[in-house]
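Residue numbers (the numbering used here), protein chains in the order written: chain A, 1 to 583; chain B, 1001 to 1432.
Just so you know, the hints here were simulated from the structure itself, not pulled from any lab data. Please note that a few of the clues may not be correct.
Calculated cross-link-like contacts (lysine-lysine; reagent style DSSO-like; alpha-carbon spacing at most 27 Å) [said to hold, decoys possible]:
1) B:1235 with B:1307
2) A:187 with A:165
3) A:488 with B:1420
4) B:1307 with B:1291
5) B:1114 with A:277
6) B:1291 with B:1370
7) B:1114 with A:187
8) B:1114 with B:1191
9) B:1351 with B:1291
10) A:187 with B:1111
11) B:1031 with B:1225
Chain A regions said to be covered by chain B (calculated; three or more residues, Cβ under 8 Å) [said to hold, decoys possible]:
12) 162 to 173
13) 348 to 356
Keep in mind the model is a prediction, meaning the values are calculated, not measured. For each residue, glycine too, the CB sits at the ideal point set by N, CA and C.
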Amino acid sequence: MRPTLTIYWNTLLSRFFGGGTSPSRRWNWGDAVALVTLTVLIYVGVRMAFEAPAVIRGPHISLSPEYLVLYALLSLTRMVAAYALSLVFTIAYGYIAAYNQRAGQFMVPLLDVLQSVPILSFLPIVLLGLAAILPQAVAAELASVVLIFTSQVWNLTFSWYQSLKTIPGELREASSVFSFDRWLRFKTLELPFAAIGLIWNSMMSWAGGWFFLMAAEIFTVGQRDFRLPGIGAYLSEAARQGNLYAIGQGLAILIAMIALLDQAVWRPLLAWSDRFKLETVGGGSEPSSWFFGAWRSSRVIAPAVRRFLGAIVASLDHVIGGLIPSPRNNENQQARLHWPSLVGAIIGGGVLLYGTYRTVAMLLDLPGQEWATIALGLLATATRVLAAVLIALAWTVPLGVAIGTKPRLSAWLQPVVQIAASVPATALFPVLLLALLALPAGLNIAAVVLMLMGTQWYLLFNVIAGASSVPQDLKYTAALLRLSRWQKWRILILPALFPYIITGLITAAGGAWNASIVAEYTEFGGTVRSVTGIGSAISIATARGDYPMLLASTLSMVLVVVAINRMVWRPLYRLAEERYRLE
Amino acid sequence: MSDLLVELAGVSQYYGARQHQFLAVQNVNLKIYDGEFVALLGPSGCGKSTLLRIVAGLMPPSEGQALYRGQPLLGVNPQATIVFQSFALFPWLTILENVEVALRARGTPDKLAKTRSLDVLDKVGLDGFETAYPRELSGGMRQKVGFARAIAVSPELLCLDEPFSALDVLSAEALRSQLIELWTGGGLPTKAILMVTHNIEEAVYVADRIVIMEKEPGRIVAELKVELRRPRFRKGTAFLETVDRVYATMAGQTQPENVELGSAPGQEGRLRLLPEVSINNLEGLLEHLLKLPNHREDIFRLADELKLDSDHLLRLTEAAELLGFATIAQGDITLTSLGETFTEAGVTARKEIFALRVRRLPVIQWLVDKLRSADRQQLAWNKIRAELAHAVLAEEVENQMDVAVDWGRYAELLAYDDTKEMLYLEPVGATI
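Isolated chain B, as found in the complex:
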């Protein structure tokens, strides 16, 4: 049995002050062993980056314990470094200085810091760029500097926070294979890697073990060992099967309506947030499904056909499911007859159907109720925001309201005046 490096035991994380506390992460248990490459996979807002920061010691968990080699973490974990999504390079330092500064901060003498930095830069293929500034480099090369800086200090644990998601497809691909080459070829001083991502294929490509998270609240829902041999080929049958399996787990299963819709803000039970999608995109998805035989498709194949990343696609399928336009089972999405009718209808009829469905959503229903009981059936944006803040994570409040207003406007249930920041009930909305 290899050494246990990281152990999270019953970790929960709350955000916000006492009255408006939110559970960002709930009761997470996670172990990372020497020699493992673990991917934390989940939709945005599931708390995966929070977990990464807890493991790195940047924040203490609100509940539970974060242990490293059996010792509780106090402050920053000296054995861990992070590669950031936005690279987090100092723009005013050269490439070499960016790496050197990490070594010097740990007390490496200047001369040694320089030779070691040059070594590492050479290893990641940045030889010749030492005196360049980050702004002179492409995104992919900048992230190489990010990697160089992180491995220069020889950490036992390398934490990767969506390191490829700010890159274009080709650079991401190149950097991923390079990382895997270094990792499997023993070119890294690192004992384990923890990577956060929302990209399913990426997770299957790099990881030995995938930990799948779900949101509301953020928690681990499944773990999956990936036992494919390396190098892995994206078009191989075994690879595709694994990806499909992960899609099926993440897309979930359409539940009975009352479970699916969740409960309204402020009520008992699980609050189902509105997925952030534009109606245009949703219509596009439905129209695509309508053209397919049996109006059905494998979700994983859809991603390819529509050229969407998994995160966006899963939000769209979630919306279609929530509105009753589609059902999801075993990784397949199927248009319902309501979905067919909607997609075949003209603009006005579409709006009517949409309005009927949208009213059933607890968040919208809650909003309509609030407006109906308000004076002159209008409410200030700030007031609604304050009320919603009791039930939704602070950063989510504005998004939820935007989506609700967007959908409500399309359904002609709500009107919004941006100058006065007032939300109104349309005459139709008043009659339900």
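Next comes chain A alone, as it looks inside the complex:
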């Protein structure tokens, strides 16, 4: 388990501060352009939303079991579609960002910004914008795919970009000296080198994707019911009707589906991808998978599949090899300004300027008290996020250290934790409401609990990884020095955990901000309830069709989260990296 966790941890790290942006990187013009681009995109979405129909009727959701399987498959299909889209986007975007220096200067910061943006805050805008131009069912489907895509794609792209940038120089030179063409280089160097990172990030992306899909499937505001026939909607309908039996069934199917994907797709892929490790020395424990083991030792299926894949690669070789010219002899194309890119930059700049102007114009129309609502909402949500993070810290640190340092405990707790963590928190939200809404301040509690559920696992995994990374020598030393329990925590355990906790917190806080969109405003059993918060401000603006407010609140949330990321988390992360990293 230990190496697995370490890789997981590294994946988390790269997810937030990838190699392209060294943590010490300061703001530059690329960031500014990236932020402006994002702003303009949000504005365009809001503009489109003006035309959205005032009333949107949701689908009818049946609670009968035979529908449940259909719903599960529908949900899965959305995930697969979004993931396929993500992969295509990843390869293309990463390639351009890595190999076109001028484009990279802008594309990498944009990726960096998008990565730290609370994606779920875009949900209303994307839904409304698409509803304005497409038939309702198609709009909601497309919006869910777009949303999952935007939640999945950035870390994948970063991983791919980073791999492309960190391919060892001599391997690259070898592929040049032996005159590989682009396709051969992609197939034998770039893709294998990136494979492990891509697979780990895919697993992360799928986990995140479920969270967003469930949110998208249950999203309803005012007269607009954006729900989609799927397992998320099934769960919310079951909770609304108070049908505990259906809730149990829905959760069982959801968990089974996620577990099956894990066992039959991701674990085998991981075990298979072990061959792509760069280290040329053997040893260390390798990821294992019963499924992969069984598959490989079967005499009929494995060779057949292999032959099939071989044939596909061969025909790809034939097709693509003919299409792509070999890059030989024109490697040094620097310093020449291309006409098309110059013209493109000017047009793009013009569009951005105009978009910014229109955005500012719309924002200036917003009355002052609305801004006060936004500020108050940000403060309230920030407090909830803080509360969730503190609660998570309070229980994950002791438990994580216990699991990480005691192998026997870890043997049976690990699987439990993994299953618990695999359930997308948003799927449980309707169930939570059912249980908590009756309490005083029920929605407030439910909101914090949802944030907690969505994020505590990241923290727990990181603490476990951190605790199991403390070298035995240091533990012996602590024992020999007769450090008291408190001294041991202060001198050894907490400093060793620090980088891991910071990494976990970054992810956790990001997830909590996302959760506020669904958690702070809800329609349950026909009544609308909301608490003060930026998430509820966005939802209320969506319900009312108050578009300037929707624009202002979404933008504010994005900017605040990005700013917190840069001003709080990044310096902390840097500190952790430099001072507390155990080599």
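Following the hints, complete the assembly by docking chain B onto the known chain A.
Below, chain B without anything else, positioned relative to chain A:
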């Protein structure tokens, strides 16, 4: 006269952007003829690997011309292949596939690629390992795959980039003799070999001609024909004489102090960088010399006595020379009386002597001056790095600062706070 294959004419290579350009290689002229085995020998940072890459067509020279058979090189030289220091095998391909892929990339049909690969693997002695992955092999065997891949495509020119320096001594030895056997026995399809190395004995063992380079800036300082008969024996008198001669050329000659010390960063003249050595090792060298008759030794013999590779040893002798603890002449190093005093002294006295000497070094002096004129006599690491970047090659900056801080700390001139990344002047340092 045999054919001229490679010709570098007035080649210079700059690194970095316009304002911070560094001369990595200056005005190099080099010719390689058909049938020659040429070794490029020099300390790390002298630009020998850069030259190899220019010859292979991986990078165009900033100035001058790189010609192959009289034609200017445009892009990768199709007649050349490289054997890399780190082997550069694809870990996810088997040994056979690693060789095959090189042939296929050049359009060899699959069947032919396979038989040719098997042939070459057989030739280098890897028969039976075709289906193994690189990680299953030892370093020496992996480099055999590197050689097999490079010769499989029958290049006219084989470029070797320190191919033995990542190997243990025994594997390196075995592989070297095998290479020479293939080369002299006509087992290679290759017409000429260009090898980069920092190992003096290795160069003398394999090469017909040794091209000696020096750093700051990288340039060719001497060429030496090696006319020893093959097979060569390392313990033979003629062999040892040649090695000694190369050592003498590379160790140089102690110059008058102002020339030896060079000039400070940002000033006219040659900037003398600090050799990367630890003070511990330096003390070890001096203590060893103190025990010898006349406190003198042949540098080449020292390498053997101290079990150091030539690169490391030459950096140590350079440091001893720079600090005035030793002089170098005709390949011999002699402890100076200051060096004797230093070595015989106790910890505190050593530090005092060291401090006195270190202050004279322009790089340290420059650093101390900067700190002295700074607010509260402290400066951020980043700031110093940025200033030094005007005068030193990017990859060198961090090393230079590390050595300067290490030496400055030992001399109790400087203090460094790693958390704040600040460099301070010690009270002693402030008084000079």
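Would you check the hint for residue 1114 (chain B) and residue 277 (chain A), treating anything up to 27 Å between C-alpha atoms as holding? 25 Å, holds
Between the alpha carbons of residue 1235 (chain B) and residue 1307 (chain B), is the straight-line distance 27 Å or under? 16 Å, holds
Hint consistency between residue 1351 (chain B) and residue 1291 (chain B) [alpha-carbon to alpha-carbon, up to 27 Å]: At roughly 21 Å apart (the allowed maximum being 27 Å), residue 1291 (chain B) and residue 1351 (chain B) satisfy the hint.
Is the coverage entry for the stretch 162 to 173 of chain A by chain B consistent with the three-residue Cβ rule at 8 Å? Our answer is that it holds, as 4 residues pass the Cβ test (under 8 Å) against chain B, meeting three.
Need the status of pair residue 488 (chain A), residue 1420 (chain B): alpha-carbon distance at most 27 Å? The given pair, whose Cα atoms are some 26 Å apart, holds under the 27 Å limit.
Is residue 1114 (chain B) within 27 Å of residue 1191 (chain B), Cα to Cα? 24 Å, holds
Do the alpha carbons of residue 1114 (chain B) and residue 187 (chain A) lie within 27 Å of each other, as the hint requires? 19 Å, holds
Would the hint linking residue 187 (chain A) and residue 165 (chain A) be met if the CA-CA limit is 27 Å? Given that 27 Å is the threshold and the Cα spacing comes to 16 Å, the pair holds.
Does residue 1031 (chain B) pair with residue 1225 (chain B) here, judged by a C-alpha cut-off of 27 Å? 13 Å, holds
Agreement of residue 1307 (chain B) and residue 1291 (chain B) with the hint, judged by alpha carbon distance not exceeding 27 Å: Holds. Residue 1307 (chain B) to residue 1291 (chain B) sits at ~17 Å (cutoff 27 Å).
Does residue 1291 (chain B) pair with residue 1370 (chain B) here, judged by a C-alpha cut-off of 27 Å? 40 Å, violated
Are the Cα positions of residue 187 (chain A) and residue 1111 (chain B) separated by 27 Å at most? Judged against 27 Å, a Cα distance of about 20 Å means the pair holds.
In terms of the numbered hints stated before, the structure departs from hints 6, 13, listed from lowest to highest.
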